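> Listed below, chain by chain, are the residues.
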Amino acid sequence: MRRERASGVIAAVSAVALTILLLSSGTVYAAEVVTTQELIDDMARYDGQEVTITGEVVGDLMRRGDFGWITVNDDPYSIKSIEEGGSHKGVSNVGIGIWAPLSELDDIQILGSYKNKGDIVRVTGTFNRVCHEHGGDTDIHASSVMVLQQGYAISHPFDYRLLVVVLILAGIVVTLWNIRIRRVRRTLRKE
Amino acid sequence: MILRPSREDVKLIGWGTGRVILGVGLIMTIPLITATLSAEWNTVLDFLVGILACAAFWLLTEIYCRTEKDLTWFHGLIVASGGWLMAMLFGAIPSFLSGHYQSFLDACFDLMSGYTTTGLYLLQDLDHVSHGLNMWRHLLTYAGGQGIIVIALTFLFSGTAGAFKIYASEGKEEKLLPNVIATARAIWMISLTYLVVGSLFIWIFLLAEGMPAARGGLHSVWLFMGAWSTGGFAPQSLNLLYYHSLWIELATMVIFIIGSFNFALHYAVWTGNRREIYRNIEIRSFAATAILGTFMLSVGFGKMGLFTSLTEFFRKGFYNLISGHTTTGNATVYSASFLREFGPIAMFAVILCMAIGASACSTGGGFKGLRMGVIFRYFRSEIRRLASPESAVVREKVHHIRDVWIDDPLVKGTMFIVICYVIIYVLGTSLGILYGYDPSVALFDAVSAGSNTGLSAGLTGPLMPALMKVYYIFAMWAGRLEFVSIIALLSFGGAIVRGQGARRKRR
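Residue numbers (the numbering used here), protein chains in the order written: chain E, 1 to 191; chain G, 1001 to 1507.
If you are wondering where the hints come from, they were derived from the structure by calculation, not from laboratory data. One thing to keep in mind: the hints can contain errors.
Think about it this way: if two alpha-carbon atoms lie no more than 25 Å apart in a straight line, the pair counts; the simulated PhoX-like pairs of lysine-lysine are [as the list claims (entries may be wrong)]:
1. E/115 / E/80
2. G/1069 / G/1011
3. G/1397 / G/1412
4. G/1069 / E/190
5. E/190 / G/1011
Partner residues aside, some chain G positions facing chain E, computed with beta carbon under 8 Å [stated by the list, open to error]:
6. 1062
7. 1100
8. 1210
9. 1211
10. 1214
11. 1339
12. 1340
Quantities reported herein were computed from a predicted structural model and do not represent experimental measurements. Built from N, CA and C at the ideal position, the CB exists for glycine as well.
All chains should be modelled from the sequences, with the hints used to inform the complete structure.
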């Protein structure tokens, strides 16, 4: 009985502590969790609001003074890219530019590309339909960028079947070349 | 009576097409080298397959289609139009092998889009493609902008009289130099010089904007190719929005405006005739329609009230308007923004500018400034004629390198091409509406495809119906070649099916 009461108290204290924690870090947890597609489809609704997106960092980290730009994609390829053997989802990439202090971007190590799967990050910040600071860009000014999962090198096993195709085609080209040379010589001899 | 093409006709066309495909194979060596230097070995294999397939086709045509006869106008038209289709099929091989396309049709779509400097694409997961494939995409637009036939003429044809016939069949009527091969080489000289200078400027700006030197180097070349050719491809899926840079936008804008000018104008200015810039009807026409478009854009943005500063107007409005007008397709906004953030008036301004397009004998598409100038002057002369006494002789001329008097055949020819463009715009829009797309989105993308622009309001994508993909391929191809070659190819096909045999006719 006493043990049950004690565990009840611990649960209540934990709930209160968690609530205090959530309220104190309101900028992080009060933000609406969205996808970039949702932002693009309804920019007016999210304009100026705190949002949280989770996705893969791709391309480059472009440093501008104490801040920097990254691009975060949260399309299906950010989970498994075509280079990793992911299937075609019938969509192009969907991503958004993130403007953040360099201190928030320090943890980003790997950027998504042909050879790499980029770090997966959770970004929280203000969504701007038309950012007046950046010439009207649609972007997110991040207050927090957290690396959830480290990126890695994508392995590209050598395609031996395609090598066989190359060799067969090379054989055909050499044969045709010889036939052509023979024909040209025959024509020259006739002339 | 329609004559069935003779065996010699087919041989000649096959021989010419083989040369064009060899040209495509030669271009593939550049992405092959890029992939090798980047240690992308599977991409190397993709391009080796493409190159060898092109070489095999060329050798087959050399063996079985060799003939002593020279090309006539008809053959030239067929080689130009058919050559583009064959180039699409062969060029799609390495793209399809990359695995980034859902079907071979999608790869063909992107190839035609690249060759015709349109810029629409169905490639999936662009942000993870290899350097080799990215080089291929951008090189396509650069090569296609000069004209695939121009490439073939530059390297692969000797100075035959027939060479001019296939040159002119690619939608280019002007000879910069007396010899057409020399003209083709002059076009390449102009383009390569700009490539070096333009890429260097973009690279410096990219370094200043925080890009690493090596990637900045590749991006600068690709951005230049996309802008100069008015193709509008970019190496990242966010297109120009990826860079968040006024300087990159300024540089690419200058490049695509210069790239959209007529090659004859470039040559005239290069050879010291600077007055031509102010006198040329295409520059005047472009300036007038750009001002009209800017006015409409201002009204539209004023009503929406979203883009409030001059910088925003320039970077989001004017940039995309001029990108559309030069039929480039580089964008600094999301596709959906044309419908939602631009509003109907500004969106219509972009559509109008895309439909009008750039200069004749340039890398651009659309009606072309020259034709708009001819039509405008013709209307003006008709109004003046009606307002003048019956005995008065009213004549108008346009200045394009030299003065050209406007007469009925010129106006008829001009109107024919303009009406053809209107038809492909209307057909594309109707098809989009029939498939249930928003009419304004259907109109936007149909005009974009037909005028070889490449901006999209969101319709074009891998999930669009296959019939629309095929139609867009046709629209891009027909728009780029300005219809005459296409009509010749269709009549050639008709003649094979329905024509009377030449032997029977002789009898």
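> Run every hint past the structure and note whether it holds.
Consistency of the hints with the structure:
1. E/115 / E/80: 13 Å, holds
2. G/1069 / G/1011: 10 Å, holds
3. G/1397 / G/1412: Since the Cα atoms of residue 1397 of chain G and residue 1412 of chain G sit roughly 15 Å apart, the hinted pair holds (cutoff 25 Å).
4. G/1069 / E/190: 18 Å, holds
5. E/190 / G/1011: Within the cut-off at roughly 21 Å; holds.
6. 1062: This interface hint holds because 5 Å falls under the 8 Å limit.
7. 1100: Status holds, d = 6 Å.
8. 1210: Because about 4 Å separates residue 1210 of chain G from the closest Cβ in chain E, which is inside the 8 Å limit, the hint holds.
9. 1211: 6 Å, holds
10. 1214: With Cβ-Cβ at 11 Å, over 8 Å, it is violated.
11. 1339: 11 Å, violated
12. 1340: 7 Å, holds
Going through the hint list in order, the structure does not satisfy hints 10 and 11.
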